[in-house]
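Participant: This is what each chain is made of:
There are 2 protein chains.
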Amino acid sequence: MIKNDLFLRALKGETVNRPPVWMMRQAGRYLPEFMAIKEKYDFFTRCRTPELASEITVQPIRRYGMDAAILFSDILVIPQAMNIEVEMKSNFGPYLPNPVRTSADVDNVIVPDVTQALDYVFEAIKATKELLNDDIPLIGFAGSPWTILCYCVEGQGSKNFAKAKAFCFTNPVAAHLLLQKITDTTIAYLKEKVKAGVNAVQIFDSWGGMLSPSDYQEFSWQYINQIVEALKDDIPVIAFGKGCWFALSEMANSNASAIGVDWTVSPDVARKLTNNKITLQGNFDPSRLLSPPKDIKRMVKDMIDGFGKDKYIVNLGHGILPNIPLEHVEAFITSVKTYNV
Amino acid sequence: MIKNDLFLRALKGETVNRPPVWMMRQAGRYLPEFMAIKEKYDFFTRCRTPELASEITVQPIRRYGMDAAILFSDILVIPQAMNIEVEMKSNFGPYLPNPVRTSADVDNVIVPDVTQALDYVFEAIKATKELLNDDIPLIGFAGSPWTILCYCVEGQGSKNFAKAKAFCFTNPVAAHLLLQKITDTTIAYLKEKVKAGVNAVQIFDSWGGMLSPSDYQEFSWQYINQIVEALKDDIPVIAFGKGCWFALSEMANSNASAIGVDWTVSPDVARKLTNNKITLQGNFDPSRLLSPPKDIKRMVKDMIDGFGKDKYIVNLGHGILPNIPLEHVEAFITSVKTYNV
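From first to last, the protein sequence lines are chains X and W.
Residue numbering for the first sequence is 1 to 341, as defined by the working numbering.
Residue numbering for the second sequence is 1 to 341, as defined by the working numbering.
Don't take every hint at face value.
Note that identical chains are pooled: a pair holds if it fits in a single copy or bridges any two copies.
To be verified - Only pairs whose alpha carbons sit at most 27 Å apart, straight line, appear in this in silico DSS-like list of lysine-lysine:
no., residue 1, residue 2
1, 38, 163
2, 89, 163
3, 163, 297
4, 159, 89
5, 301, 337
6, 294, 163
7, 195, 3
8, 163, 301
9, 272, 232
10, 277, 12
11, 12, 126
Because the hints were derived from the structure by calculation, they are not lab data.
The whole structure should be built from the sequences, with the hints applied where relevant.
Facilitator: Here it is, written out as structure tokens:
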């Protein structure tokens with residue numbers, strides 16, 4: 001049904017001629033066509049207008065022909081739907097003016113009817129599917145419950161999310177209640193995304209690497225795993241945890257279809273830690289896209305050689321940076337598409 | 001000569017009755033007696049006045065009786081001595097108004113005569129040694145060349161030091177020139193610290209974990225290792241790299257006396273990655289000091305059981321946070337001192 005199903009085949013672990021490629025945050029600030037839209041419409045207008053979200057989603061595909069598209073949206077639409085105010089401040093990032101800091105605050109957080117609260121996301125998916133015309137698969141995503149909690153409690157980005165961790169370690173009962181509410185909302189949300197037409201989903205655990213291995217199990221992985229278990233029969237799930245190298249073995253034993261890794265894990269170590277048994281996705285250092293194109297080409301080839309062309313999806317190890325030259329992205333994508341040719 | 005030499009014996013790998021304990025940033029903002037001095041004197045006055053630096057250094061020892069003191073100072077005294085302006089802004093952190101961004105900027109960076117430029121540090125060491133009266137060892141420290149470069153280029157703290165990495169990846173020649181200048185200055189600086197009386201030194205690589213394993217070798221470890229090689233015959237060297245789990249095996253093969261690890265590495269994994277052959281230091285999550293004292297006691301015991309009492313120095317996995325209750329620090333230190341009793 002999908003014409004280029006390389007990405008879906010890699011998720012199933014099938015033998016392929018070359019690995020598929022996409023980039024986290026591929027619809028974003030490095031693209032002039034994205035910046036043109038950004039100048040006219042604020043962040044939430046872009047997310048909430050299906051014509052804009054779908055147009056932004058396909059922009060990088062038109063330019064570079066990645067093997068998968070990922071819906072333009074944000075992980076913080078979830079807390080917003082849960083009755084927590086979220087602002088997106090320019091030159092600052094997310095700002096939550098009323099952070100969750102007490103048990104009473106957690107009680108005020110709702111598990112919404114996502115079909116209504118996040119209707120605009122499902123409409124954006126339908127619009128995007130039309131634009132994509134089944135050429136390539138569309139990925140939907142959500143933040144991990146732990147990562148969402150980090151923003152809800154901290155109220156903004158942070159270097160170490162000390163307030164979020166303080167909340168969990170001083171009030172674990174309230175923390176787990178909040179995590180479960182986020183998990184329930186996320187499962188319902190992703191199931192609706194599947195109904196709307198996405199072909200795979202990715203869970204982003206951007207801040208799991210702030211936790212010790214045992215705290216990661218307690219506050220992050222068990223909730224991600226609930227999501228994986230709830231979705232596994234509907235759709236392939238990719239679990240990506242930045243800095244979560246220490247949990248790779250556990251993640252590989254789950255029912256996720258693939259595990260995302262960041263650039264601190266070399267390909268051979270990633271294969272070893274996951275017992276060579278699951279599809280891996282990653283892990284080019286986004287800053288390394290600043291290297292000259294000839295170096296990018298060499299490094300991409302080495303990376304694919306390292307992971308092996310099968311059970312592998314080429315990606316960055318985190319989102320693309322805003323200041324990457326277009327021809328460097330071209331070098332990255334082309335190197336993958338001409339691998340093994 | 002040193003009455004309590006537990007810390008030095010652990011660095012040598014000798015059998016001990018219990019491991020020694022100290023805490024990164026133990027002279028700092030969680031202590032009311034430190035805050036009293038902080039209210040009266042600005043940051044650089046505190047660093048540059050031997051009476052203040054030595055008093056601050058011994059404050060936590062008086063209160064808790066750690067097994068080692070670490071000189072109150074800052075890693076950024078090095079770039080400051082190298083002709084790079086450094087300010088310490090309250091509620092912001094370090095700020096370098098003229099960051100190093102070009103080859104010409106690197107050419108303007110000097111390798112100073114440290115005996116003059118950093119005279120105040122050596123005076124502070126002498127003053128501290130008098131206060132300590134050889135009761136416990138005194139640790140001197142420096143930032144790793146890579147971590148110092150991060151601040152020099154970025155001009156301030158950062159979540160991902162993207163500007164610093166961009167500089168290295170687009171202008172590696174200039175980056176290596178700067179790294180070598182920092183390395184040369186640091187070696188001279190630490191050798192003078194040894195002359196002034198410190199009993200061990202620690203290299204802090206706070207931002208090494210931002211790099212891929214191969215970039216870490218190229219931009220960080222080779223310079224840390226130069227420092228280790230230059231100092232190893234004079235004094236025990238501890239190498240601490242936050243987020244540098246991927247390099248632990250290489251670090252364990254060096255001539256460092258101990259390797260510091262953060263809390264993402266469980267004790268058994270840390271021992272495995274270092275082939276059980278070197279003294280390890282760490283790795284309590286600083287945020288976990290917010291847990292109730294009874295939980296802290298249990299977790300400290302588990303941690304020591306995990307690392308084993310020998311070839312081990314109890315510490316946090318990074319600096320202590322400002323908002324830690326005094327009785328929680330007490331619980332942490334006491335748990336170690338009563339281990340095996």
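Participant: Which numbered hints are broken by the structure, listed smallest first?
Facilitator: Result: no hint breaks.
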